[in-house]
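Undergrad: What follows is each chain in one-letter form.
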Amino acid sequence: MLDWSIIARYAPFFVTGAWMTLFISVFGIALALLTGLLCAAIETAHVPVLRQLVRVYVEVSRNTPLLVQLYFLYFGLPKLGFVWSAEACAVIGLGFLGGSYMAEAMRAGLQAVPEAQRENAYMLGFTKAQTMTRVVVPQAISSAVPGVIANVIFLVKESSVVSAIALADVMYMTKDLIGMTYSTYEALFLLIVTYLVILLPISILGTWLERRFDHARR
Amino acid sequence: MTERNERIVLRVDGLVKRYAGADRNVFDGISFEVPRGKVLVIVGPSGSGKSTLLRAVAGLEPIQGGTIALDGEVIETGRPGTERQGRAKRSSALRTKIGMVFQSYDLFPNHTVLGNVTLAPILVQKRDKAEVEAEALRLLERVGLADRADAKPHELSGGQRQRVAICRALIEHPQLLLLDEITAALDPEMVHEVLDVVLELADQGQTMLIVTHEMQFARAIADRIIMIEGGTIVEESDDPDAFFTHPHTERAREFLRTFEFTRHRHDHGA
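From first to last, the protein sequence lines are chains B and S.
Residue 0 is where the first sequence starts when you use numbering that gives the first Met the number 0, and the numbers rise one by one after that.
Residue 0 is where the second sequence starts when you use numbering that gives the first Met the number 0, and the numbers rise one by one after that.
Check the hints yourself; a few may be wrong.
What the hints assert, rightly or not - When the alpha-carbon atoms are kept at most 20 Å apart in a straight line, the in silico EDC-like pairs for lysine to aspartate or glutamate are as follows:
hint, chain 1, residue 1, chain 2, residue 2
1, S, K96, S, E134
2, S, K151, B, D213
3, B, K127, B, E114
4, S, K128, S, D149
5, B, K156, B, E86
6, B, K156, B, D175
7, S, K96, S, D127
8, S, K151, B, E209
9, S, K96, S, D70
10, B, K127, S, D105
11, S, K128, S, E140
12, S, K88, S, E75
13, S, K88, B, E114
14, S, K96, B, E118
15, S, K96, S, E75
16, S, K88, B, E118
17, B, K127, B, E42
18, S, K88, S, E72
I should point out that these hints are in silico values taken from the structure, not numbers from a laboratory.
Hey, can you work out the whole structure from these sequences and the hints?
TA: Structure (structure tokens):
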């Protein structure tokens, strides 16, 4: 059975850890969203050269583990003279990984808008900018929202890897607690509860957002 | 020449169209014109390029030869080697002069019915919002949809959406309205409500270029009818009744027969 006294004693550490998880996640996901938007725009606009670079980035980012990316940033780059804080490495790593996932979700959203919508806008005299802002992007958002939300949740969970570069997130606290007290069950219980407390509201918000934007779909 | 031009809204002269990678032209020098206030109907078998012709006039497809003139002014000159180019670079103002309704009822799903109709005149033509909304409601009233102004497109039937699409094109007061098989995707019982609206437009003097498979409608609405096949006009007539009852060419007779249903009860041959 769980020892509730241990849970009560160590719960504050998990609150501290949760803040670190949130901090890394919020900035990492913001970076991922920006990267994704930029990449999706480049791919959709068929910008030469940049488009090929985006493809290379997406493949590298998606096909290497976050842990490897973090090791490269935290242990590899200093050898080349770039020394970044663990926090910076975590945010950049999460943004690097998430950027490709976000790019694919957003690109899929843009591609889901039927060509007929652009043709109608053309016939009505819309400029390219008006076509994007009034017709294409609103519909692309409604198609992309479910994928983007799924990526947000995926990235928050993936942030547990940052404990490997000594950042005191919830995963780090768990390993610490297990190492110090051998209270494996209590530590894992606290870990799962903390993730649920962070992720359930995001999940609920996601469902709400999906419904909120669904009007723009057929 | 000038006097003649004023009468002619659309003149297509020697239009050549070829698809990228194709070994022959879809059209090899087609010419026709649409006088102001008149309705030209294009018929022809599937794959004859009727829709492509309309899309070329609309600027949605590049042309490889010939000219397209609107109101006496050449707006498109075909050039060989342009097969892979996208939509023509036409000014916003020019594009508003040609309205188009497509086969698939593609209203903007993120706007209401009223929003669909008012968006372009407000955004593109910079017209006064109140004036535009009043006109939009009058148009919707005319097509029997004033009470659905606040509905979203997905709440409407296909026939209702096509009527809204017609309003959306009309509110910009286009010189020329292109209708590309606008009832082809509709359930049969909805075809009439849409075509009635178009017939009314013809009575009010709207210049139109129509592609349709509805032969009774074509006969009722056309001032001039042309049949295309194999890249050329195989038959044309200013008398739609005569076109349907006494076509000159064997090909037209054959085509028109495909719309007839007769049961040959004693014919067990081919």
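Undergrad: Work down the list of hints and note, for each, if the structure agrees.
TA: Results for each hint:
Taking the CA atoms of K96/S and E134/S, the gap is near 18 Å; set against the 20 Å cutoff, the hint holds. For a cut-off of 20 Å, the pair hint linking K151/S to D213/B stands: about 12 Å separates their Cα positions. Taking the CA atoms of K127/B and E114/B, the gap is near 13 Å; set against the 20 Å cutoff, the hint holds. Using a Cα cut-off of 20 Å, the hinted pair K128/S and D149/S holds, with the two alpha carbons roughly 16 Å apart.
Restraint check for K156/B and E86/B: satisfied, since their Cα atoms lie roughly 16 Å apart, inside the 20 Å limit. Taking the CA atoms of K156/B and D175/B, the gap is about 19 Å. The hint holds against a cut of 20 Å. Proximity of K96/S to D127/S is assessed by CA-CA distance (about 19 Å); at most 20 Å being required, the pair is judged to hold. A hinted pair counts as satisfied when its Cα atoms are at most 20 Å apart, and K151/S with E209/B qualifies at roughly 17 Å.
Between the alpha carbons of K96/S and D70/S the distance comes to roughly 10 Å, so the proposed pair stays at or under 20 Å and holds. A distance of roughly 18 Å separates the Cα atoms of K127/B and D105/S; the hinted pair therefore holds under the 20 Å criterion. Note on K128/S and E140/S: the hinted pairing holds, with a Cα-Cα distance of about 18 Å set against a maximum of 20 Å. As the CA atoms of K88/S and E75/S are separated by approximately 10 Å, the hinted pair is consistent with the 20 Å bound.
With a C-alpha separation of about 17 Å, the suggested pairing of K88/S with E114/B holds against the 20 Å cut-off. Between K96/S and E118/B the alpha-carbon distance is near 15 Å, which keeps this suggested pair within the 20 Å criterion. About 14 Å separates the Cα atoms of K96/S and E75/S, which keeps this hinted pair within 20 Å; it holds. Between K88/S and E118/B, the direct Cα distance comes to roughly 13 Å. Compliance with the 20 Å bound is thereby established for this hinted pair.
Proximity of K127/B to E42/B is assessed by CA-CA distance (about 17 Å); at most 20 Å being required, the pair is judged to hold. As the CA atoms of K88/S and E72/S are separated by approximately 16 Å, the hinted pair is consistent with the 20 Å bound.
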